[in-house]
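S.K.: According to my numbering, the stretch in the sequence shown is residues 1 to 154, in order.
Hints listed in this document are in silico derivations from the structure and should not be mistaken for laboratory results. Incorrect hints may have been included.
Unchecked claim - Label pairs and their in silico Cβ distance ranges: (1) D65 / E140: 17 to 25 Å; (2) D10 / R66: 27 to 35 Å; (3) D35 / A86: 24 to 32 Å; (4) R5 / H46: 37 to 45 Å; (5) R117 / P52: 15 to 23 Å; (6) D35 / D65: 43 to 51 Å; (7) L62 / A19: 12 to 20 Å.
Glycine included, every Cβ here is placed at the ideal spot set by N, Cα and C.
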Amino acid sequence: MPASRLVPTDCTCLRARSAARRISQVYDRHLASVDLRITQFSLLSHVAAAGPIAVGRLAELLNADRTTLSRALGPLLAGGALVEVAAGDRRRRELAVGTEGRALLRRARPLWEAAEREVRATLGPALTCDLHAALEGAVERLRPPGDPQSAGSA
Numbered sequence: 001m002p003a004s005r006l007v008p009t010d011c012t013c014l015r016a017r018s019a020a021r022r023i024s025q026v027y028d029r030h031l032a033s034v035d036l037r038i039t040q041f042s043l044l045s046h047v048a049a050a051g052p053i054a055v056g057r058l059a060e061l062l063n064a065d066r067t068t069l070s071r072a073l074g075p076l077l078a079g080g081a082l083v084e085v086a087a088g089d090r091r092r093r094e095l096a097v098g099t100e101g102r103a104l105l106r107r108a109r110p111l112w113e114a115a116e117r118e119v120r121a122t123l124g125p126a127l128t129c130d131l132h133a134a135l136e137g138a139v140e141r142l143r144p145p146g147d148p149q150s151a152g153s154a
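Please put together the full structure from these sequences, using the hints given.
M.R.: Structure (structure tokens):
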């Protein structure tokens, strides 16, 4: 659509959020039996993959705001899925997956895989691949100026 004809109902953000909401609903439906939402599963999975990790570093990996991330981490910490561990620097704490979290991930992983298969089957291979490429491109191109991970940054 030409720039002179922009209308709010064609908002790129609205479309992206609408698609994200629909996709999230599929994952949330699959993960409901273990009382997890896709956002919580993703956090647990990232912490499990990274090992002990500072909240700030986790926020960077997820392109998330630290305040929003801290709120999302609350229930996982309260339930023992995530635990705080001492870092090499005594003034800093890091997150690690606790015993409860490891058990939860073992139960949730097959449910997540079923959701992933459902989304990919519904979209089809070509659209799935195009969507992944478009989203990765958008994340890269929309990095804030001065972001150390921005293309062309020193």
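S.K.: Compare the structure with each hint and give your call.
M.R.: Evaluated hints:
1. One distance hint, 17 to 25 Å for the beta-carbon pair D65 and E140, holds here, with the actual separation near 18 Å.
2. In this structure the hint that D10 and R66 lie 27 to 35 Å apart at CB holds, the actual value being about 32 Å.
3. Our hint of 24 to 32 Å for D35 and A86 holds, since their Cβ atoms are close to 29 Å apart.
4. At about 40 Å, the CB distance of R5 to H46 agrees with the hint of 37 to 45 Å.
5. Between R117 and P52 the beta carbon distance is about 31 Å. The supplied range of 15 to 23 Å is therefore violated.
6. The beta-carbon spacing between D35 and D65, approximately 25 Å, falls outside the hinted interval of 43 to 51 Å.
7. Distance hint check: the CB atoms of L62 and A19 are about 18 Å apart, consistent with the given range 12 to 20 Å.
In this structure, the earlier hints numbered 5 and 6 are contradicted, and the remaining ones agree with it.
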